[in-house]
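Please build the complete structure, drawing on both the sequences and the hints.
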Amino acid sequence: MPAIEILGLEKIYSVGFWRKRAKRALHPLHLSVEEGEIFGFLGPNGAGKTTTLKILMGLVFPTSGTARILGMHLDDPRMKAQIGFLPEQPYFYDHLTARELLTYYGQLSGVDSGQLREKVGDVLDQVKLTDSANVQLRKFSKGMLQRVGIAQAILHDPKIVFLDEPMSGLDPMGRREVRNLIENLKAAGKTIFFSTHILSDAEALCDRVGILHRGQLRGVGAIPELTASVHGNVEITWRGTKTPAGIRTMFLECHATADTMRVVVPENNQEVVLETLRREGLRLISVIPVRTSLEDYFVAQLGKPEKMESVSLGT
Amino acid sequence: MNSRIFHIATNTFREAVRDRVLYNLVAFALLISAAAVLVGQISIHIERLVVINLGLTAVSLFGIVIAIFIGIGLVSKEIDKRTLYTVLSRPVRRWEFIAGKFFGLSGTLVVNTFFMAIGVFAALAYVSHHLVAADLWILVALYFIVLQFVIITALALFFSSFSTPIFSALFAFLLFIIGSFANDLRNFAALTHGVTRWFATAAAYLVPNFSELNVIAEVAHGATIPARLIILNSVYVAVYALVLLSGAVLIFERRNLK
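Residue numbers (the numbering used here), protein chains in the order written: chain L, 1 to 315; chain X, 1001 to 1258.
Derived from the structure by calculation, the hints contain no laboratory data.
In this text, a Cβ means the ideal position worked out from N, Cα and C, and glycines have one as well.
Hints may contain errors.
Unchecked claim - With the C-beta cut set under 10 angstroms, the calculated list includes, among others, these residues of chain L facing chain X:
#: 1; residue: Leu-56
#: 2; residue: Arg-78
#: 3; residue: Gly-84
#: 4; residue: Phe-85
#: 5; residue: Pro-87
#: 6; residue: Gln-136
#: 7; residue: Ala-153
This is how it looks when you write it as structure tokens:
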């Protein structure tokens, strides 16, 4: 059974003064995340990542489609007791201290009152906020609030943790700490579904990613599989400084040294370039594929044309 | 009360206290002390009347202002600040959130009224040098004032579930004013004919009847309050608040939290 099963979730908002205009935030989305996986939900700002998370959390209702988490429907309180959620740029009750806030959330999540105090202490320790545990949140920095946000998401030992842009607003040290925390959660057998537009974070952490753009899922899979599908470039180096005229237009980059030439060409042109070098009698030194990054794949997906679909409100 | 409602109510109460809502008690204490001293010097034999009237009216007005201005933000502030996201993503149903907020603010107003009531009795003891058995009817007047707060809290919460804070405050305040003249509206309806009568009667019965909940003048003059009125008012407020809260839940259950 998948941990998260999204079955055609679609969201169309009615906008304008008379709410007659339709704005599609999410095209029918089909997605499945397995237990124990770190799944990265990628996309530029406004792609529909937060809308998807809000639907999964029951904060926004889908126009059509449904989803199941741990095999249970989205409004099932038993399911909600087993998930944790960190919203984007979280804001908490700032009249409370970190300890009071976590105690409150623990009570709402049904954590046993006998264990609550200990759990709050442990989770504060995990996010390195023990020293500030009794300070009101209105005195916290943005990075500290983000850590409180992560603490409240994992406090009740959920099976699945949803994190919306967990690294946003954090300094490099903070980002590394959050990355370590996510890795620890995975090691503890948790499923993590996190949205981000920071590709290096996704590349470092995710087992699989899904790319969302303008409400459409443009690609989903393991990062090596996805990047393999993008035609990359190759770096070709030969002895000498001579450059055959017929292939010069194919060069993306060209570097000349005292006795070698190093060029980067698209993978598609590799054979033509090599054949030309052989014909000209130039001595080949190396042919090295240039690694395709997630960013290359991401940019390629964002450049694809959108599926055209009409939207009507049916009013 | 289910435990989640209790925890939400407790947090609402704690937020009100830490946001210095109870500081109004200082203003009230100053007002009632000044009134007691002043009345003691200028009134002849009507000290009790003036202190009870002034004290209970102040209790009512202070509470109504708190009920409206905190009540209108109970839902909208949580949506604007997105504090609701981390609550509703837990095993908390939306109706439980509304109920918790309602009980939290109502509790705050009860505590506030309790301290003000102590002030009123202290001022009364100061001007008349002793308390009499009839003064116990002041407790009934205070109970009715708390019932008014219950309706106003439910009204503010109802409007807050779909409207902006400014409109919610405006609607709640207008209904309080109209409701304070509900009996006059009923009398006016009886004098009219045709469609006007129909509309005036409907309006008179739809708006919350705050005039029946105001027995300050009677209590100040030493009159007794019939038990029947206490029971009827209690039932009326329970039903009226329940209808408003049900409306708030129905609207809030369908609302997208963008």
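Each hint, compared with the structure:
The interface hint given for Leu-56/L holds, since its Cβ lies 9 angstroms from the closest Cβ of chain X, which is under the 10 angstroms cut-off. With its C-beta approaching chain X no nearer than about 7 angstroms, Arg-78/L sits inside the 10 angstroms limit, and its interface hint holds. The beta carbon of Gly-84/L is positioned within 10 angstroms of a beta carbon in chain X (closest approach about 8 angstroms), and the interface hint is therefore held. A distance limit of 10 angstroms between C-beta atoms decides the matter here; for Phe-85/L the minimum to chain X is near 4 angstroms, and the interface restraint holds.
The beta carbon of Pro-87/L is positioned within 10 angstroms of a beta carbon in chain X (closest approach about 4 angstroms), and the interface hint is therefore held. Because the smallest distance between the Cβ of Gln-136/L and any Cβ of chain X comes to about 8 angstroms, under 10 angstroms, the interface hint for this residue holds. Interface restraint check: Ala-153/L against chain X, minimum CB-CB distance 8 angstroms, threshold 10 angstroms, status holds.
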